[in-house]
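Participant: Given chain V's structure and the hints, the job is docking chain S onto it.
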Amino acid sequence: MRGIVKRFPGVVASDGVNLGVRQGEIHCLLGENGAGKTTLMRILYGLYQPDSGEILLAGKPVKITSPSVALAHRIGMIHQHFRLVSTLSVEENVILGVNEGMGPFLRLGKTRKRIAAITDEYGLSVDPKAKVWQLSVGQQQRVEIIKALYREADILIMDEPTSVLTPQEVDQLFATLRTLVDDGLTIVFITHKLNEVMQVSDRVTVLRQGKLVATLPTSQTDKPSLARLMVGREVVFRLEKNPPQQGEKLLQVSRLHTLNDRGLPALRNVSFEVYGGEILSVAGVSGNGQTELAEVLTGLRKATSGRILLGGKDITNRSAREITDDGVAHVPAERIKMGTVSNMSVRENLILKDYRHPPFSRGIFLNYKKAEANARRAMAEYQIAAPSDSSAAKLLSGGNIQRMVLARELSGKPRLIVAVHPTYGLDVGATEQVRQVLLRQRERGAAILLISEDLEEVMALSDRILVMFSGRVMGILDAEEAEAGEIGLMMAGVQREGVRR
Amino acid sequence: MKKPSLFRVERRPTLPGHVVVLVSILAIFAALVAAGIFFQAYGISAVRAYQLIVKGALGSRLGLAETVRRAIPLLLCGVGLTIAFRALFWNIGAEGQLLLGAVAAAGVALFSGLPDVLLLPAMFIAGFLAGALWGLIPAVLKARLGINDVITTLMMNYIALYLVEWLIHGPWRGPTMRGFAYTDKFPSAATLPTISWTRIHWPTLLLGLAVAVLAYVLITRTRAGFEIRVVGENPEAARFAGISAFKTTLFVMIISGGLAGLAGVGEAAGIHRMLLGPTSISMGYGYTAIIVAWLARRNPLAVIVTSLLFGVIMSGGDVIRVSLGLPFQVINLFNGLILFFLIGSELLMHYKISFSFRRR
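The listed protein sequences derive, respectively, from chains V and S.
Each residue of the first sequence is one higher than the last, beginning at 1 in our numbering.
Each residue of the second sequence is one higher than the last, beginning at 1 in our numbering.
Calculated directly from the structure, the hints in this document are not laboratory data.
You may find that some hints are simply not true.
[Claimed, not checked] Here are the computed lysine to any residue pairs in the SDA-like style, where the Cα-Cα straight-line distance is at most 25 Å:
(1) V:K337 with V:K394
(2) V:K241 with V:K60
(3) V:K394 with S:L15
(4) S:K352 with V:M344
(5) V:K110 with V:E121
(6) V:K302 with S:P235
(7) V:K337 with S:L15
(8) S:K247 with S:T152
(9) V:K60 with V:R2
(10) V:K337 with S:A143
(11) V:K369 with S:N299
(12) V:K337 with S:F246
(13) S:K247 with V:L300
(14) V:K394 with S:G146
(15) V:K131 with S:G146
(16) V:K394 with S:T222
(17) V:K413 with V:G276
(18) V:K63 with V:Q49
(19) S:K185 with S:I125
(20) V:K131 with V:R114
(21) V:K394 with S:I343
(22) V:K193 with V:T221
(23) S:K247 with V:D261
(24) V:K302 with S:V140
(25) V:K337 with S:R11
(26) S:K352 with V:R2
(27) V:K369 with S:T222
[Claimed, not checked] Just so you have them, the derived chain V footprint on chain S, three or more residues with Cβ under 8 Å:
(28) 212-223
(29) 231-238
[What the hints assert, rightly or not] Here are some chain S residues the structure puts well away from chain V; computed CB gaps all over 12 Å:
(30) L207
(31) F226
(32) I271
(33) F328
Predicted model, so just to flag it, every value in this text is computed and none were measured.
Cβ coordinates follow ideal geometry from the N, Cα and C atoms, glycine included.
Just chain V, same shape as in the assembly (with noise of 0.2 Å):
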């Protein structure tokens, strides 16, 4: 792939990247999340279409316009979502949309025949006639893989792959992978987690902010220099910040554990303290259980095991309004799908957490004069740009959409922020006044625990800054200390020496 730029509204995902896959080789893709990884392999198989560049398959320029052209070339696919239809059985997923049948009739007897071939020769071994959705995460993604072998793929994409799966799971498509690459075929690899790249692939390239850094040959480099060409080299830039002024205890986590939505620990003997005016930031690659302790802290999710104390207050699975009712904000990481109303006014959705509370309330009534003139206030304050205060909240843009949210959340003066990538996706100047608006919050006192993906957020706003890989604490850091390089090595789950666990 030769100057391949792409351009989103606002963000150049992909900035005129050079990259070289050899046949029959193993290579990963290695970047933070919003590298462009993702986007580069997506105008790979045709999902996109470049803004400029070139795509070069041994040797000559082709055009792939949509997936199909890109499986006429013999490249394949595997999304980090399977693409599978949960109620059709392993054999019915793998021959859907290759026209091979008879006119209207299939012909069952030779794809089976041919995926038994392909079963036994790669040691996928999944029960063709089984329904997918009785099939766990790891054989689901076989079937995936199966799927693209069917139709004859010779460069394999697989976009994050072991995110969904158990370590052992892991072990074993690893297997497969490198059987598959003996017979010949190549594989991109995407994925953000470092030992993966040590322990798979042949050469790494390593994106950042969609422009590639490198590209190496996997056994002339190390996990810490990798770590270091991820996050990026230059210096961190810190925001103008006054000491901390470290107030009491106000939150208490000890031993929590949780389960994720598929019932897999998610959160395991996790403690820490959070302390008026000082921001804990909560750094990790996702899926970690980030999310979880977000949810937990806010009542959204049920503790295992475990204590959560709010100023000296048991808050241990009370409801989310109690917790709410108690003096926590949360500023939710899908802004739109759980922080908004869409189809509700600006009005309505800024009173969203206190329209039980007077002066919003009235006995059974809600008093919209107040809320008109709280939403007036709250535009201003955090300069929110709607059309008026009665339109929908659809209409705002990304950026006024988190000023909304945060203006609602922090109207109650709260105790506790919990803030989870609350600048993902926004624009530098909104990312640079929630950051600000944050600042605020703890020169104000609150203690903010803010769960962030991105290194560069947590290292120039945090106090302290939690390490967390799998569920686990890592280790907590002091910002003032804390190198990029080393929490880098610690969010791919590497232990830090000397660290108490």
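Facilitator: Chain S only, in chain V's frame:
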């Protein structure tokens, strides 16, 4: 390279009120055209059929009175449904809830032995509670176990239907009815007054109008209404804000089922003055009310207008049935077509077509 085209389809960012009204009217018009094709196929001039409907439903005092009395149960059921639909609870069971209201009314009228002055109020209260109970069962099933509300509310209709059949053939069959499957006539203190010679039982009509206004206030002005809208628009945000979807679902179904129950009381005490076959009590009001509520775009006040419109269709349908000798399913055909075009327009409404007349 983009191909030049004569027009572009774009999504509307907002939906202005006049577009909704215009598109709704167009949908009804399209349904009338489609139904007209059926009339023509029957060898009947569509124009003449529509003339008859309008004249029959609106052109005479009798027709007008029939239109209004048909609109009464549609109004009560329709208002209830707007509330359930606001919370995204698909109550298809107003028909059964209405029947339960009629059953409760008959039970109180015939067997309670209450003093005359208390009889009618007790019937309305019992009818509301019975309808609410019928609505609560699917509500609990959905809120606790996640069972599909469309299916349960629909199936509850059949249970209600056979409950009524069983009562009038069995324990409640009237001894004075010479073997017909009716209950006895209600005592006169248990019947609703009507406007002079018409069949308009005005107390139920007034109740319906009051309920429409109250429901509007509930939805737009109260805390409960705010919660209903948040749950309906974005259940995740409701969870996030600590709004209980369970309580909200139960609440809307008490109202929705209860109002349908009131409609049943009105039909039993105002029209039939006894309990009789389920299809005679209701004639599909509970189903038609779904279209009434949908055409009103879930606005309880607009139900006053849309229920009257369907009153016209129902009473006009009676007229063409008699004078043109068409089967009575003709009304269902109408209703089906209107709902079909309305739901179709729901999606189309959000898009606009802009023409570009530049030619290359």
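Participant: Now look at each hint and say whether the structure bears it out.
Facilitator: Do the hints match the structure? See the list:
The suggested pairing of K337 (chain V) with K394 (chain V) holds, with an alpha-carbon distance near 11 Å, which does not exceed 25 Å. Restraint check: the Cα-Cα separation between K241 (chain V) and K60 (chain V) comes to about 54 Å, which exceeds 25 Å; the hinted pair is violated. Note on K394 (chain V) and L15 (chain S): the hinted pairing holds, with a Cα-Cα distance of about 12 Å set against a maximum of 25 Å. With a C-alpha separation of about 22 Å, the suggested pairing of K352 (chain S) with M344 (chain V) holds against the 25 Å cut-off.
For the proposed pair K110 (chain V) and E121 (chain V), the alpha carbon gap of about 17 Å is at most 25 Å, so the pair holds. Between K302 (chain V) and P235 (chain S), the direct Cα distance comes to roughly 18 Å. Compliance with the 25 Å bound is thereby established for this hinted pair. A C-alpha spacing of about 21 Å is found between K337 (chain V) and L15 (chain S), which places the hinted pair at or below 25 Å, so the restraint holds. Only pairs whose Cα atoms come within 25 Å are accepted, and K247 (chain S) paired with T152 (chain S) is accepted, the gap being roughly 19 Å.
For a cut-off of 25 Å, the pair hint linking K60 (chain V) to R2 (chain V) stands: about 12 Å separates their Cα positions. For a cut-off of 25 Å, the pair hint linking K337 (chain V) to A143 (chain S) stands: about 21 Å separates their Cα positions. Note on K369 (chain V) and N299 (chain S): the hinted pairing holds, with a Cα-Cα distance of about 22 Å set against a maximum of 25 Å. For a cut-off of 25 Å, the pair hint linking K337 (chain V) to F246 (chain S) stands: about 20 Å separates their Cα positions.
The straight-line distance between the Cα atoms of K247 (chain S) and L300 (chain V) is roughly 17 Å, inside the 25 Å bound, and the hint therefore holds. Taken as a hint, the K394 (chain V) and G146 (chain S) pair is broken in the structure, with Cα atoms around 28 Å apart against an allowance of 25 Å. Note on K131 (chain V) and G146 (chain S): the hinted pairing holds, with a Cα-Cα distance of about 23 Å set against a maximum of 25 Å. Only pairs whose Cα atoms come within 25 Å are accepted, and K394 (chain V) paired with T222 (chain S) is accepted, the gap being roughly 23 Å.
This hinted pair checks out: K413 (chain V) and G276 (chain V) have alpha carbons roughly 13 Å apart, not beyond 25 Å. For the suggested pair K63 (chain V) and Q49 (chain V), the alpha carbons sit about 9 Å apart, so the restraint of at most 25 Å is met. The straight-line distance between the Cα atoms of K185 (chain S) and I125 (chain S) is roughly 20 Å, inside the 25 Å bound, and the hint therefore holds. This hinted pair checks out: K131 (chain V) and R114 (chain V) have alpha carbons roughly 19 Å apart, not beyond 25 Å.
The hinted pair formed by K394 (chain V) and I343 (chain S) meets the criterion: a straight-line CA distance of about 23 Å does not exceed 25 Å. The hinted pair formed by K193 (chain V) and T221 (chain V) meets the criterion: a straight-line CA distance of about 15 Å does not exceed 25 Å. Distance check on the hinted pair: K247 (chain S) and D261 (chain V) sit about 24 Å apart at the alpha-carbon level, within 25 Å; holds. For a cut-off of 25 Å, the pair hint linking K302 (chain V) to V140 (chain S) stands: about 22 Å separates their Cα positions.
Proposed proximity of K337 (chain V) and R11 (chain S) is supported: the alpha carbons are some 20 Å apart, at most 25 Å. Of the pairs offered as hints, the one joining K352 (chain S) and R2 (chain V) is violated, with about 40 Å between alpha carbons and a cut-off of 25 Å exceeded. The straight-line distance between the Cα atoms of K369 (chain V) and T222 (chain S) is roughly 13 Å, inside the 25 Å bound, and the hint therefore holds. Only residues whose C-beta sits within less than 8 Å of a C-beta in chain V count toward coverage, and the region 212-223 of chain S has 3 of them, enough to reach three; the restraint holds.
Counting residues of the region 231-238 of chain S whose C-beta sits closer than 8 Å to any C-beta of chain V gives 4, which meets the bar of three, so the coverage hint holds. Residue-level check passed: L207 (chain S) sits 21 Å from the nearest beta carbon of chain V, beyond 12 Å. At the 12 Å boundary, the C-beta of F226 (chain S) falls inside the reach of chain V, the nearest C-beta of that chain being 6 Å off. The Cβ of I271 (chain S) sits about 35 Å from the closest Cβ of chain V, beyond the 12 Å cut-off, so the non-interface label holds.
Residue placement check: F328 (chain S) keeps its beta carbon more than 12 Å from all beta carbons of chain V (closest about 40 Å).
When each numbered hint is compared with the structure, violations occur for hints 2, 14, 26, 31.
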